[in-house]
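Enquirer: Fit chain B with the ligands to the known structure of chain A by using the hints.
Spelled out, the chains give:
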Amino acid sequence: MTEREAISDIIDAHRHLEGSLLPILHAVQDRFGYLPPNSNRLIADALRVSEADVHGVISFYHYFRQRPPGKHAVSVCRAEACQAQGCRQLEAHIKTRLGIDFHDVTDDGQFSLEPVYCLGNCATGPTVRVNNTIYGRMSAEKVDRLFERLAVDTVRLLS
Amino acid sequence: MIAYYTPSSDKDHGTPAVHSDVLVTVTIDGVDIAVPEGTSVLRAAALAGINIPKLCASDNLEAFGSCRLCAVQVEGRRGTPAACTTPTEQGMKISTQTAKLATLRRNIMELYISDHPLDCLTCPANGDCELQDMAGVVGLREVRYGFDGENHLLEGKDQSNPYFSFDASKCIVCSRCVRACSEVQGTFALTVDGRGFDSKIAPGSSADFMSSECVSCGACVQACPTATLMEKTIIDAGQPDHSIVTTCAYCGVGCSFKAEMKGDQLVRMTPYKKGAANQGHSCVKGRFAFGYATHKDRIRHPMIRDSIEQPWREVSWEEALGFAADKIKGIQQRYGRNSVGGITSSRCTNEETYLVQKLIRAGFGNNNTDTCARVCHSPTGYGLKATMGESAGTQSFDSVMQADVIVVIGANPTDAHPVFGSQLRRRLRQGAQLIVIDPRRIDLLDTPHTAHALHLPLQPGTNVALINALAHVVVTEGLEARDFIAARCADDSYQQWRAFISDPIHAPEHVVDQTSVDPTAVREAARQYALAPNGAIYYGLGVTEHSQGSTMVMGIANLAMATGNIGREGVGVNPLRGQNNVQGSCDMGSFPHELPGYQHVSDDLARRRFEAAWGVELDNEPGLRIPNMFDAALAGHFKGLYVQGEDIAQSDPNTQHVESALRALDCLIVQDIFLNETAKFAHVLLPGSTFLEKNGTFTNAERRINRVRKVMPPLAGLEDWQVTCALSKALGYPMHYEHPSDIMAEIASLTPSFHGVSYEKLEQQGSIQWPCNERSPNGTPVMHTEDFPIGLGRFAITRFVATEERSSRRFPLLLTTGRILSQYNVGAQTRRTKNQQWHEEDLLDIHPSDAQLRGVKDGDWLGIQSRAGQTVLRARITSRIQPGVVYTTFHHPFSGANVITTDNSDWATNCPEYKVTAVQVEKVSQPSLWQQQAQDFDKQQQALKRQRARVSEV
Ligand code: SF4
Ligand code: SF4
Ligand code: SF4
Ligand code: FES
Ligand code: FES
Chain A
1 MTEREAISDI IDAHRHLEGS LLPILHAVQD RFGYLPPNSN RLIADALRVS
51 EADVHGVISF YHYFRQRPPG KHAVSVCRAE ACQAQGCRQL EAHIKTRLGI
101 DFHDVTDDGQ FSLEPVYCLG NCATGPTVRV NNTIYGRMSA EKVDRLFERL
151 AVDTVRLLS
Chain B
1 MIAYYTPSSD KDHGTPAVHS DVLVTVTIDG VDIAVPEGTS VLRAAALAGI
51 NIPKLCASDN LEAFGSCRLC AVQVEGRRGT PAACTTPTEQ GMKISTQTAK
101 LATLRRNIME LYISDHPLDC LTCPANGDCE LQDMAGVVGL REVRYGFDGE
151 NHLLEGKDQS NPYFSFDASK CIVCSRCVRA CSEVQGTFAL TVDGRGFDSK
201 IAPGSSADFM SSECVSCGAC VQACPTATLM EKTIIDAGQP DHSIVTTCAY
251 CGVGCSFKAE MKGDQLVRMT PYKKGAANQG HSCVKGRFAF GYATHKDRIR
301 HPMIRDSIEQ PWREVSWEEA LGFAADKIKG IQQRYGRNSV GGITSSRCTN
351 EETYLVQKLI RAGFGNNNTD TCARVCHSPT GYGLKATMGE SAGTQSFDSV
401 MQADVIVVIG ANPTDAHPVF GSQLRRRLRQ GAQLIVIDPR RIDLLDTPHT
451 AHALHLPLQP GTNVALINAL AHVVVTEGLE ARDFIAARCA DDSYQQWRAF
501 ISDPIHAPEH VVDQTSVDPT AVREAARQYA LAPNGAIYYG LGVTEHSQGS
551 TMVMGIANLA MATGNIGREG VGVNPLRGQN NVQGSCDMGS FPHELPGYQH
601 VSDDLARRRF EAAWGVELDN EPGLRIPNMF DAALAGHFKG LYVQGEDIAQ
651 SDPNTQHVES ALRALDCLIV QDIFLNETAK FAHVLLPGST FLEKNGTFTN
701 AERRINRVRK VMPPLAGLED WQVTCALSKA LGYPMHYEHP SDIMAEIASL
751 TPSFHGVSYE KLEQQGSIQW PCNERSPNGT PVMHTEDFPI GLGRFAITRF
801 VATEERSSRR FPLLLTTGRI LSQYNVGAQT RRTKNQQWHE EDLLDIHPSD
851 AQLRGVKDGD WLGIQSRAGQ TVLRARITSR IQPGVVYTTF HHPFSGANVI
901 TTDNSDWATN CPEYKVTAVQ VEKVSQPSLW QQQAQDFDKQ QQALKRQRAR
951 VSEV
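Residue numbers (this note's numbering), protein chains in the order written: chain A, 1 to 159; chain B, 1 to 954.
Same shape as in the complex, but just chain A:
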C-alpha cells in the first residue's frame, strides 16, 4: 500500500465522524509517526476544506509533527512539581546540548524535543522521557550521559 492509499484509507475510516479532522490527523500521525507532506491536501479535499484550514489546525496543536520525529523522542516535563525541582534549567541545558528548540528535530535526525505537562512521576522530578522510558531525578550530567549512550547505541546498531 502506498502512503497515499494508506492516508486515503484512514480518511475513509473516519470521515463520517462529526468533526473528523482531529481524529484523522491523529490516526495519520499514529500510523506514520508524523503527518507526511501530501496528507494536508488529501485531507483537505476529502473534508471539503482548504489546505490552509488543515494547516491552521495542525500548527495550533504542538502534538502534530510535520517532520518525522527524531530517532529518540525526548520529552521534558514542565509541570509544577518538576518546576519546583528546577526543570527549567534542565530544559535550557537540553536545548543547548541538542541545539534545538521544542518541537524540533536535530539535523542528524537523532533527537526530537517536546515539552510535556506531568508524566505522573512527580515525586522524583525533574522528569524526562525518552521514547517510552521515564527517567527521574535528572540532572544536566545525567542527561548528557544518557544522550551520549543513546547516540552510541545507534552508531553500534548501524555499523
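Read the hints as simulated data drawn from the structure, not as lab findings. Quick caveat: nothing in here was measured; it's all calculated off a predicted structure. Mixed in with the good hints, there may be bad ones.
[Claimed, not checked] What follows is a list of derived Cβ distance ranges for each label pair: (1) A/Asp45 - B/Gly65: 28 to 36 Å; (2) B/Ala802 - A/Pro68: 54 to 62 Å; (3) A/Glu3 - B/Ser925: 33 to 41 Å; (4) A/Arg88 - B/Thr103: 45 to 53 Å; (5) A/Leu17 - B/Arg806: 17 to 25 Å; (6) B/Gly91 - A/Val116: 46 to 54 Å.
[Claimed, not checked] These stretches of chain B come out as covered by chain A in the derived footprint (C-beta under 8 Å, 3 or more residues): (7) 200-213; (8) 318-324; (9) 442-449.
Glycine included, every Cβ here is placed at the ideal spot set by N, Cα and C.
Expert: What follows is chain B with the ligands alone, placed relative to chain A:
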C-alpha cells in the same frame, strides 16, 4: 475635463449590517440611537457618529473580538465588554470614553507597538494605517517594554505575488486577512499558523503566497489595517491624492472601483464598497491588472497605409479620418451601398456602441452592423426573447442569496465571473444545494466548507438532450408548478410542449446514450430543482456556443417556467455575460436586425422614430451578420469594414477563413488600443482609449447600468465616441454631442426600456437596472414579477439534434474551450500585465487514460487536428475532464485555438460552436504550419509598425 466624483461616505461601521424589523434604542455617551435588533454596540456607535477605537473589526467581516481595543462600559454590567461582539439591547446605556477605558486602550496599544517596527515615517502605509491612527486616538506616548524582548521585527518579506507584498514584521495578527479570504473571497487560503506569541499569518503550509491556494483577489490586502499586506504600486508611488469611482472593464460582473490617483497617474484600484454589483469585492483582473493602460505597446497616433504589405504612416487625426472616409465612399460608389459595414464592441461603452451602429445605419446607410456578442450570447437574446419576451437575465446578483437550489450550466463563475463566484460560494456555505451541468469538474464543485454538490458531467454537444431529460422528469413525475403555468404561460404552447416533452424518448434512461450522464443523478437533479422553494439557473457560454445554443436557452426557460422559478427573488434564468458590456452592446442595437432596445428594423413605427431623430431614411431589411460579412468579402462584394475594439481575427472561429476574408477587404478600419491580430490586416488604425480615459456607461449581466468615469486624458487625444463622431463627420453625416450624457439622453428618448435613464439619475442612485421607465422609475432588479413583456410566457419545442461535429475514427476526441481567472479573453490586456505569471501559455488538458493511450506525458507538445486546421499546444494531464474530451483556453494568439474550431454555428443566430470540435491529438516536435506562418506574419507587421513614418518627421 475630468469631473471628480467624490464618493459619499464609505465609512467602515465596524460590523456588518443586520436586517431586522425590530428596532432597539440604546444610549451611547448620552446620544440615543435606534438600530435593528442584533446590531453590535460598535456599529450602533458608528451610526450615531461615535467612533470607538478598533483594530480587528471591519464591516465586511463577522466580528471576532480579538484586539479588545473597542472595549466599552455598559451601565449595570461588570467589566469592559468588546463593542464589536456585544449586541445592543433595548435601553442599554453605554460609555465609550472613560478614564478606565483610556488606560486599558493605551495599555493594549503599548503591547502592540512594543512588537512593531517604529518606522512610521518611511512606512508605505504612512497616512493610511489604522494602527498609526489608533495609537494617535488612544494617546499613546511611551512604550515601557522596550524593543529588546522577544519580538517579530526581523521576520522576512514575502514578495512572491507580483502585485502585493507581505511584510510579517508589521503584522499584528488581527486575522482580518484570514477572515477576508474566507468570508469575502471564499478561498480560505490563509490561516493563523501556531498559537500564542508564536502565531503568525501563513498561506497554509506553502512557502509563499504565490505557491499557495491564493487567487490574488486582493481582499486580504484591503482588509489589512497595517502595512503588512500592501500593494506594490503604493510602496513604489506613495499614497494617492484623490479618487474617482468607475467601473471595471473586464467581465460582465461590472465591479465598481475607486480609481485612486496621484495627479494623472493611477496608483491603485480599490473595490468600491457601495458598488451594487460587487459590494467592495474584486478579482485579480479589475483590482490589479490595469498596467496595460500605460503599456508601451499602446497605439498613440492614427496610422494609415494603402496595403497591408506597406509600412504604416503616422498621420494627424484629420488625415486619417479623411483617408478612411474617402475609402468608404469610394467603395460604396463602386460596389454599392451595402458593400461596407461595421462591428461594435462589447468592451466599449453603451454610448460608443450606440454611435457606431448609428454611424452604420445612418452614415453608411445600411444595417450591416454586428457585434462580438454574435460569438457569445446571441442565442441568449434569441432564446429568452422567444420564450419570455426580453433578451436579458431576470435577476440581480444579490438574488442568489435567496436561492435554495442553484443550477450552474456551462459556466465557470470562480474563473470567469469571480466576484459573483465568491457570492455564490457564500450562499453555498449557508447551505444552498449546487447542481453543476458541465463536461468539466469546475472548481465551484470543490467549494470549501460546503456540502457535496451534484455534478452531471455530460458529453459536449448534448446540452439539449440533458435539459429535455430534466424537463421530462419534472413533467412525468408531476413536479410542475401548475398554478404558475396556468396564470403566467400561454396554454396552447404549454399543452404542445407538455405532449412533446412527455415522450419517453426524453427520459434520462433513454438519453444516457447521448449524454452519458447517470439517469438517477438526472432524476435527482430535476427533483431538487423543481421542489426547491427557490431554484435558480445560471449559465454561460457552455450553453450558447453550440449548434443548438438558442434551443438550449429556450430549454432552460421552459424548465424555469414549468417549475415556476421566475418572477421573484432567489429564482430566475441568469446568463453570466462574459464581457463588461456585452449586455449593453446588445441593448444598443448592435445586431443587424434590431435597432436599440431590441426594436426590429422592420417595425415601421419604431424605425420612423429613429428616422425622425436621425434625419435619414433607414433600411427596413436586416443587414449582414459577421459570418455573412466574411463570406461576402470572400465572394468579392463586401469591401469595407469598421471595427471598434474587437479582435475578430483571434476571437472568431476558423481563423484561416477569417484571415482570408480580412485580406479580401479594400479598407479595414480598426479602432483599438493595441496593434491586435485584426489590426495586422488593417489600412487605417485609429487609437482607442481605455476605460480609464473616457466617460460613459457599461451595462453588466444583471442589466445594471454603471458609470464609467474618466480619470486620465486619452493617450491619443480623443475618447472613442469622439472618434466615431469625427469619422461620421468626415463621411458627411455630422453628429453633435458635447458629452456622453447627451448620447444617453438620445438613447433614452428612443428606447422604451431606457426612458427613465439619465446621467443625473445615475449620479443619484449610483446605478440603474433597466427597464427603467414610467412603469419602474428607479429600475427593475427582478424581471417578470407580474407578467412577461409578451404577456404570457411561451414554451418552446426543443428537439435535440446532435451536432454534426461528432467524434469519429479520424477525430476521436471532443475539444471544448474555456477561460481562466487571471487572463481575459484574447488576452490583449492581461497579457500586458503581470497576470502573465499565472498563465504564460494555453495548455491542452487531457485525461490520463487518453494520454496513456497516446503515450503522452505532462508537458509534451501535442498536435491537435480538426477538419478546419491544426495547431500545437503543450499537454497537461488532469482528471478534471472526462475521457474522450480535451480542453483548452484561448488567451494567447499563437495558441491558435480558433484555428481548429470550425464554422459550425447556432441555427438561429450563427453563434459559433466553440464548445465542440472533433479532434485528433498526437505527439509532435514543433509548432504547426499555421503557428509558424502566424509568427512570421506577426514579425512582419511589428516591423511595419516600427518602420512607421512619423508625421512630425516628414
Ligand atoms: S489575495 Fe485573495 S485569495 Fe489571496 S490570500 Fe488574499 S484574500 Fe485570499
Ligand atoms: S496581515 Fe494584516 S490583516 Fe492579516 S493579521 Fe496581519 S495585520 Fe492583520
Ligand atoms: S469580477 Fe469582473 S468586473 Fe469584477 S473585478 Fe473581476 S473582472 Fe472586473
Ligand atoms: S510534574 Fe513532572 S512528572 Fe508530574
Ligand atoms: S475591534 Fe472589537 S475586539 Fe477588535
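Enquirer: Which hints, by number, does the structure contradict?
Expert: 4, 5 and 8
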